[in-house]
Amino acid sequence: EAGVVQSPRYKIIEKKQPVAFWCNPISGHNTLYWYLQNLGQGPELLIRYENEEAVDDSQLPKDRFSAERLKGVDSTLKIQPAELGDSAVYLCASSLGGGPSNQETQYFGPGTRLLVL
Amino acid sequence: GQNIDQPTEMTATEGAIVQINCTYQTSGFNGLFWYQQHAGEAPTFLSYNVLDGLEEKGRFSSFLSRSKGYSYLLLKELQMKDSASYLCAVRDLRTGANNLFFGTGTRLTVIP
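Residue numbers (the working numbering), protein chains in the order written: chain U, 1 to 117; chain F, 1 to 112.
Just chain U, same shape as in the assembly (with noise of 0.2 Å):
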């Protein structure tokens, strides 16, 4: 079984550029979310979709970044312009959804690193 796949795995762009991210769950999966992490740190939470639509994005910088799934499957991140601060690890993981009852295990891609110059 194929798991959570994320592109590119690295990005290097120059500040005030545009850069979007794109992943795919794992088949099945309803729930979908964007964590970005910085080095040295543990993954922070940026949004969270159940099926298309977005139950979570308290955390999400609505300035320069969004996101989309359109059709409950895939999703996009965008950042647009970018910043030096930006430069992180844009982690995408996938969970079955079903509540809080059951063990939500979620299950995370290989990310992409992306470098603002």
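Hints are not guaranteed to be accurate.
Just so you have them, the derived chain F footprint on chain U, three or more residues with Cβ under 8 Å [unchecked claim]:
1. 33 to 44
2. 68 to 76
Rough simulated footprint, nothing fancy, chain U against chain F, three-plus residues with beta-carbon under 8 Å [claimed, not checked]:
3. 55 to 64
4. 84 to 91
Some chain U residues well away from chain F (every beta-carbon gap over 12 Å; in silico) [to be verified]:
5. Gly-3
6. Arg-9
7. Ser-27
8. Val-89
Keep in mind the hints are simulated off the structure, nothing from the lab. In this text, all values refer to a predicted model and were calculated from it rather than measured experimentally. Glycine residues also receive a C-beta, built at the ideal position from the N, C-alpha and C atoms.
Once you have looked at the hints, place chain F on chain U.
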């Protein structure tokens, strides 16, 4: 918010046993996860505890005490490939059904 504390770094010898501790503070606790993350790779799921006690899975075991806000991950018969970061994550119902809050991770180095 959630306060999740774990040691930054640990070193242990191949073949030995190591215990990685994690303490947390949250009012909506609904489970604790341990993930392993090798450098430059995705976090991979190791264990899940929601009730007090020990969960054993091969060389890895995880323990939870909800009253103490405390968990540990126990790694036995250490192998060189166990060198990685180990992330403790807490699920908090107050902020979202399945949202996880991660600690900073413990970087374990296994030496010969």
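Hints and how they fare:
no.: 1; hint: 33 to 44; result: holds (count 5)
no.: 2; hint: 68 to 76; result: violated (count 0)
no.: 3; hint: 55 to 64; result: violated (count 0)
no.: 4; hint: 84 to 91; result: holds (count 3)
no.: 5; hint: Gly-3; result: violated (8 Å)
no.: 6; hint: Arg-9; result: violated (9 Å)
no.: 7; hint: Ser-27; result: holds (17 Å)
no.: 8; hint: Val-89; result: violated (9 Å)
Comparing the model with each numbered hint stated earlier shows that hints 2, 3, 5, 6, 8 do not hold.
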